[in-house]
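Chemist: Protein sequences, first through last, are from chains A and B.
My numbering puts the last residue of the first sequence at 114; the count rises by one with no breaks.
My numbering puts the last residue of the second sequence at 219; the count rises by one with no breaks.
Read the hints as simulated data drawn from the structure, not as lab findings.
There could be a bad hint or two in this list.
[What the hints assert, rightly or not] Here are the simulated DSS-like cross-link-like pairs (lysine-lysine), alpha carbons at most 25 Å apart as the crow flies:
hint	chain 1	residue 1	chain 2	residue 2
1	B	Lys201	B	Lys101
2	A	Lys73	B	Lys187
3	A	Lys66	B	Lys150
4	B	Lys3	A	Lys20
5	A	Lys20	A	Lys52
6	B	Lys194	B	Lys214
7	B	Lys201	B	Lys181
8	A	Lys73	B	Lys191
9	B	Lys181	B	Lys194
10	B	Lys150	A	Lys71
11	A	Lys29	A	Lys52
12	B	Lys3	A	Lys24
13	A	Lys66	A	Lys23
14	B	Lys52	B	Lys194
15	B	Lys150	B	Lys194
16	B	Lys194	B	Lys55
17	B	Lys194	A	Lys73
18	B	Lys150	B	Lys187
19	B	Lys52	B	Lys214
20	A	Lys23	B	Lys3
21	A	Lys24	A	Lys52
22	B	Lys191	B	Lys214
23	B	Lys214	B	Lys55
24	A	Lys29	B	Lys3
25	B	Lys150	B	Lys181
26	B	Lys187	A	Lys71
27	A	Lys71	B	Lys28
28	A	Lys66	B	Lys191
29	B	Lys201	B	Lys191
30	B	Lys101	B	Lys20
31	A	Lys66	B	Lys187
32	B	Lys187	B	Lys55
33	B	Lys52	B	Lys191
34	A	Lys52	B	Lys3
35	B	Lys187	B	Lys214
36	B	Lys150	B	Lys101
37	B	Lys55	A	Lys66
38	B	Lys3	A	Lys71
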Amino acid sequence: MHETVVAQNMIDVVLEEAEKHQKKPVRIKVSCGQLNALNDEVFGFAFEAVGKGTLCEGVQVDIEHKPFQGKCKNCDQMFALDFEDPRCTACQSDSYELLPDAPLILEQIEFLEE
Amino acid sequence: MQKVDVGRTILSANEQHALKNARMLAEKRKACLNMISSPGSGKTTLLCKTIKHLKGQLRVGVIEGDIQTEIDADRIRATQAPAIQINTEGACHLSAAQVSKALAQLPLDDLDLIVIENVGNLVCPGAFDLGENGKVVVLSVAEGDDKPIKYPAIFAKSIALVINKIDMLAMGVSDDFDLDKAMADAKRLNKDIKIFPLSAKTGEGMDAWCDWLKTNWRF
Chain A
1 MHETVVAQNM IDVVLEEAEK HQKKPVRIKV SCGQLNALND EVFGFAFEAV
51 GKGTLCEGVQ VDIEHKPFQG KCKNCDQMFA LDFEDPRCTA CQSDSYELLP
101 DAPLILEQIE FLEE
Chain B
1 MQKVDVGRTI LSANEQHALK NARMLAEKRK ACLNMISSPG SGKTTLLCKT
51 IKHLKGQLRV GVIEGDIQTE IDADRIRATQ APAIQINTEG ACHLSAAQVS
101 KALAQLPLDD LDLIVIENVG NLVCPGAFDL GENGKVVVLS VAEGDDKPIK
151 YPAIFAKSIA LVINKIDMLA MGVSDDFDLD KAMADAKRLN KDIKIFPLSA
201 KTGEGMDAWC DWLKTNWRF
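Based on the sequences and whatever the hints tell you, model everything.
Modeler: Structure below.
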């Protein structure tokens, strides 16, 4: 349900960028971590609903979900954390530091060429 | 098509408010915990009992988040502790801006620790920082021992796990909750997580939890 709030914030930023470039956005690429709890389908629906009547109407949304990252305390390797088997992918040690979750980022906007 | 790399962080409105809250609390030297669980895990009962247990040792104030009603804040106020109720009116989590307003209404000078009882939900509240020093996740025996592996994110991100209603184990009401499994799964996700199995109802295990609060959450 929080997807609506996130969609509103996202649309504000996309509209700002559209204004800056004076172009119509057609597609956006978004990346996020695990704690943003964004469901692709719900977010797409919210984005559509909130964007209705703005330049964001009809914009396609692609979301890339980034895994939690661990940093091995034994060999310093950074690795994507698998919750089913949380250990270093290089040395197999289960002693690691959980790195901050990836933030929600508007990575890229595709604009319609004039 | 023209592709433009933007690289802008979203949710920044919430993050800015969270940062503001964190700075204000640090300046006033107040500790703050964000308590997250499913509905019905016993967060409010735990807080009421904790406040009574710590009377004269740690001054606790509470911010209550619920979709509707003032019920929880009234339960906290009955313990003589100050409580501010936030009604999210449909939203599944508290936002830092809401907490900011609630903090302004609490008598902060008379408090050591502020506990934010988030809206009952194991998923969404984890995505919205409120300016707290740490998250505490509460799991109750009635919910089942599989919650850490089903909802790993919040267990991975919390500094402490309270396993509530352990009296149900002793009573034989719930014989399919494997306490060791729940604890091992949580530790596997988060080696540093502090775990407090307790019953807010009977008082069993409350000493360890309250000692941890007293020792770590007074600046």
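Chemist: Against this structure, judge whether each hint is valid.
Modeler: Quick rundown of the hints versus the structure:
1. As the CA atoms of lysine 201 (chain B) and lysine 101 (chain B) are separated by approximately 32 Å, the hinted pair breaks the 25 Å bound.
2. Simply put, lysine 73 (chain A) and lysine 187 (chain B) have alpha-carbon atoms about 16 Å apart, close enough for the 25 Å limit, and the pair holds.
3. Straight-line distance between C-alpha atoms of lysine 66 (chain A) and lysine 150 (chain B) comes to about 18 Å, which keeps the hinted pair within the 25 Å bound.
4. Taking the CA atoms of lysine 3 (chain B) and lysine 20 (chain A), the gap is about 14 Å. The hint holds against a cut of 25 Å.
5. Distance check on the hinted pair: lysine 20 (chain A) and lysine 52 (chain A) sit about 20 Å apart at the alpha-carbon level, within 25 Å; holds.
6. Taking the CA atoms of lysine 194 (chain B) and lysine 214 (chain B), the gap is about 14 Å. The hint holds against a cut of 25 Å.
7. Our distance criterion of 25 Å between C-alpha atoms is met by lysine 201 (chain B) and lysine 181 (chain B), whose separation comes to about 23 Å.
8. For the hint linking lysine 73 (chain A) to lysine 191 (chain B), the alpha-carbon distance of about 12 Å falls within 25 Å, and the restraint holds.
9. Pair hint lysine 181 (chain B) plus lysine 194 (chain B) holds up; C-alpha atoms about 15 Å apart against a cutoff of 25 Å.
10. Our distance criterion of 25 Å between C-alpha atoms is met by lysine 150 (chain B) and lysine 71 (chain A), whose separation comes to about 23 Å.
11. With a CA separation close to 19 Å, the supplied pair lysine 29 (chain A) and lysine 52 (chain A) stays within the 25 Å bound.
12. The suggested pairing of lysine 3 (chain B) with lysine 24 (chain A) holds, with an alpha-carbon distance near 12 Å, which does not exceed 25 Å.
13. About 29 Å separates the Cα atoms of lysine 66 (chain A) and lysine 23 (chain A), which puts this hinted pair outside 25 Å; it is violated.
14. Annotation: proposed proximity of lysine 52 (chain B) to lysine 194 (chain B) holds, straight-line Cα distance about 22 Å (limit 25 Å).
15. Restraint check for lysine 150 (chain B) and lysine 194 (chain B): satisfied, since their Cα atoms lie roughly 19 Å apart, inside the 25 Å limit.
16. As the CA atoms of lysine 194 (chain B) and lysine 55 (chain B) are separated by approximately 23 Å, the hinted pair is consistent with the 25 Å bound.
17. For the hint linking lysine 194 (chain B) to lysine 73 (chain A), the alpha-carbon distance of about 20 Å falls within 25 Å, and the restraint holds.
18. Distance hint between lysine 150 (chain B) and lysine 187 (chain B) is fulfilled; the C-alpha atoms sit about 14 Å from each other, no more than 25 Å.
19. Annotation: proposed proximity of lysine 52 (chain B) to lysine 214 (chain B) holds, straight-line Cα distance about 13 Å (limit 25 Å).
20. Proximity of lysine 23 (chain A) to lysine 3 (chain B) is assessed by CA-CA distance (about 11 Å); at most 25 Å being required, the pair is judged to hold.
21. With a CA separation close to 14 Å, the supplied pair lysine 24 (chain A) and lysine 52 (chain A) stays within the 25 Å bound.
22. Proposed proximity of lysine 191 (chain B) and lysine 214 (chain B) is supported: the alpha carbons are some 22 Å apart, at most 25 Å.
23. Distance check on the hinted pair: lysine 214 (chain B) and lysine 55 (chain B) sit about 11 Å apart at the alpha-carbon level, within 25 Å; holds.
24. Pair hint lysine 29 (chain A) plus lysine 3 (chain B) holds up; C-alpha atoms about 10 Å apart against a cutoff of 25 Å.
25. For a cut-off of 25 Å, the pair hint linking lysine 150 (chain B) to lysine 181 (chain B) stands: about 13 Å separates their Cα positions.
26. For the hint pairing lysine 187 (chain B) with lysine 71 (chain A), the CA-to-CA distance comes to about 17 Å; that is within 25 Å, so the pair holds.
27. For the proposed pair lysine 71 (chain A) and lysine 28 (chain B), the alpha carbon gap of about 34 Å is over 25 Å, so the pair is violated.
28. The straight-line distance between the Cα atoms of lysine 66 (chain A) and lysine 191 (chain B) is roughly 21 Å, inside the 25 Å bound, and the hint therefore holds.
29. Proposed proximity of lysine 201 (chain B) and lysine 191 (chain B) is contradicted: the alpha carbons are some 28 Å apart, above 25 Å.
30. Distance check on the hinted pair: lysine 101 (chain B) and lysine 20 (chain B) sit about 12 Å apart at the alpha-carbon level, within 25 Å; holds.
31. A threshold of 25 Å between alpha carbons decides the hint, and for lysine 66 (chain A) with lysine 187 (chain B) the separation of about 22 Å falls inside it, so the pair holds.
32. About 31 Å separates the Cα atoms of lysine 187 (chain B) and lysine 55 (chain B), which puts this hinted pair outside 25 Å; it is violated.
33. Distance hint between lysine 52 (chain B) and lysine 191 (chain B) is unfulfilled; the C-alpha atoms sit about 31 Å from each other, more than 25 Å.
34. Distance restraint check for lysine 52 (chain A) and lysine 3 (chain B): the Cα-Cα separation of roughly 23 Å lies within the 25 Å cut-off, and the hinted pair is therefore satisfied.
35. Our distance criterion of 25 Å between C-alpha atoms is met by lysine 187 (chain B) and lysine 214 (chain B), whose separation comes to about 23 Å.
36. For the hint pairing lysine 150 (chain B) with lysine 101 (chain B), the CA-to-CA distance comes to about 33 Å; that exceeds 25 Å, so the pair is violated.
37. A hinted pair counts as satisfied when its Cα atoms are at most 25 Å apart, and lysine 55 (chain B) with lysine 66 (chain A) does not qualify at roughly 44 Å.
38. Taking the CA atoms of lysine 3 (chain B) and lysine 71 (chain A), the gap is near 33 Å; set against the 25 Å cutoff, the hint is violated.
The structure fails hints 1, 13, 27, 29, 32, 33, 36, 37, 38 (numbered hints given earlier, in ascending order).
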